Amino acid sequence: MRPVRVIPCLDIHNGRVVKGVKFTDLKDAGDPVEIAAAYDKAGADELVFLDISATVEERSTNMSVMSKVAKAVSIPFAVGGGIRTIEDIERILDVGAAKVGINSAAIENPDLIKTAADKFGSSRIVLALDAKKKADGSGWTVLKNGGMVDTGIDAVKWAIQAVELGAGEILLTSLDCDGTKDGYDLELTKAISESVSVPVIASGGAGKLEHFYDAVTIGKADAVLAASLFHFKEVEIMEVKRYLSQKGINVRL
Amino acid sequence: MIGIIDYKAGNGPSVLSAVAHLGYKAELVNTPERVLQMTHIIMPGVGSAGATMESLKELGLIDAIKTAVLENKVPFLGVCVGMQILFDHSEEDDADCLGFLPGQVVKFDREKVRVPQMGWNKVTFSENMGYKAEDDYFYFVNSYYVVPEDKSHIWGTADYGGLFTAAVCKGNIYGTQFHIEKSAKAGLSLLNGFLSLKGGRL
Chain X
1 MRPVRVIPCL DIHNGRVVKG VKFTDLKDAG DPVEIAAAYD KAGADELVFL DISATVEERS
61 TNMSVMSKVA KAVSIPFAVG GGIRTIEDIE RILDVGAAKV GINSAAIENP DLIKTAADKF
121 GSSRIVLALD AKKKADGSGW TVLKNGGMVD TGIDAVKWAI QAVELGAGEI LLTSLDCDGT
181 KDGYDLELTK AISESVSVPV IASGGAGKLE HFYDAVTIGK ADAVLAASLF HFKEVEIMEV
241 KRYLSQKGIN VRL
Chain R
1 MIGIIDYKAG NGPSVLSAVA HLGYKAELVN TPERVLQMTH IIMPGVGSAG ATMESLKELG
61 LIDAIKTAVL ENKVPFLGVC VGMQILFDHS EEDDADCLGF LPGQVVKFDR EKVRVPQMGW
121 NKVTFSENMG YKAEDDYFYF VNSYYVVPED KSHIWGTADY GGLFTAAVCK GNIYGTQFHI
181 EKSAKAGLSL LNGFLSLKGG RL
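Taken in sequence, the protein lines are chains X and R.
Residue numbers 1 to 253, in my numbering, belong to the letters of the first sequence in order.
Residue numbers 1 to 202, in my numbering, belong to the letters of the second sequence in order.
Source of the hints: derived by calculation from the structure; they are not laboratory data.
Everything numeric in this text was worked out from a predicted model, so none of it was measured.
Please note that a few of the clues may not be correct.
[Said to hold, decoys possible] Label pairs and their in silico Cβ distance ranges:
id, chain 1, residue 1, chain 2, residue 2, range
1, R, D93, X, D150, 54 to 60 Å
2, R, L22, X, A135, 54 to 60 Å
3, R, K25, X, K247, 54 to 60 Å
4, R, S189, X, K247, 27 to 33 Å
5, R, D159, X, E164, 23 to 29 Å
6, X, D94, R, V147, 53 to 59 Å
Built from N, CA and C at the ideal position, the CB exists for glycine as well.
The task is simple: from the sequences and hints, build the whole structure.
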């Protein structure tokens, strides 16, 4: 089995890393370039930046910061959040991001995935999929606009469709588990992982070391992502990697 | 001067950052005249083999690259798709490539592994280049891989549902399937080895 990736996620707002609960109560958490370099040094396999800007000016501030991040880190990073057009994607790749995450815009216009994958290659187009359990327990639906709108679309079907259109990876976030620290939604992760042929990043719910292991073994995730857990240093990246390695999971140590 | 071939949808800027990080001066080049003035040439790669070849053709760079690499023996490093196009032909877009090295580019088997391969993988280097790179993890993003006809061109291998060629070398021509510029310390160290070449071998 090939190495499982451990990925910290950073929210970017107006050129700074912020921590908050669901886009509210934002607190400044530091300089993205410094934090990214520190995670690189600490053994992160990749980074994900979520651009949570509300305005065009903030977005362009963030792009100039991403360009500095690109110079400061020696590992790949993806940027997601508010991406609507091919031009948005091009701008992000041009500043040095390895990948771009598309969420709401892909739901509204699935052809965006196809056009982007044809133009930039599947491996640079990540489907960011936010999912939530259906009330009747019969599966999961896809949410958009940062989890605010339930589209009613079946998450597994959407994942399959997006991969057929050319998405090269899925960043899967469980809105039920996000922020709970009770563990990833293993059933959801497994259902998506087993339905598509591209790598799946599990996100939402990590609270302790066992959760990462479960996401890989039970959820069949190819990568595990966490945000606050790493930011607040409740768990160190190398701690996760050593733990996984001791349990027989291949990681880059 | 170290030249990084600058073509549409390539990731030249990322490679430029990595080279600068190592303390070397480099520039993005997209004219035949500049290509021929370089002491080292790096061909970055993302996207598809077909699109990359088209882009090189549009820029009129193919003859200059051929002259620099095959006649002037300038050290050349192809990265990812930049390595794949060194071979005769790619299944991706059914593209005819540069043909500097004999062989084909084929797709990973979706039945056996997740495609694209995305993430870190351990590369084992052979010693037949007179230089032993240290075995280490490197970052891969690829759906296709090269199958060199001449096995002596295989410099490094990795396992993804079976062994595949992760790095190649023939004389002044080097190629890495992994993104050397995104492979943390291991990548920078290997890149440094390439950049310190003086018209010779690693």
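These are the hints, each one checked on the structure:
1. For D93 of chain R and D150 of chain X, the hinted distance range of 54 to 60 Å is not satisfied, since their beta carbons lie about 39 Å from each other.
2. Hint check: L22 of chain R to A135 of chain X, Cβ distance near 55 Å, so the stated range 54 to 60 Å holds.
3. Judged by the Cβ atoms, the range 54 to 60 Å given for K25 of chain R and K247 of chain X is violated: they are separated by roughly 46 Å.
4. In this structure the supplied range 27 to 33 Å holds for S189 of chain R paired with K247 of chain X, their Cβ-Cβ distance being about 29 Å.
5. Taking the beta carbon of each, D159 of chain R and E164 of chain X are about 28 Å apart, inside 23 to 29 Å as hinted.
6. At about 33 Å, the beta-carbon gap between D94 of chain X and V147 of chain R misses the expected band of 53 to 59 Å.
The earlier numbered hints that this structure contradicts are 1, 3 and 6.
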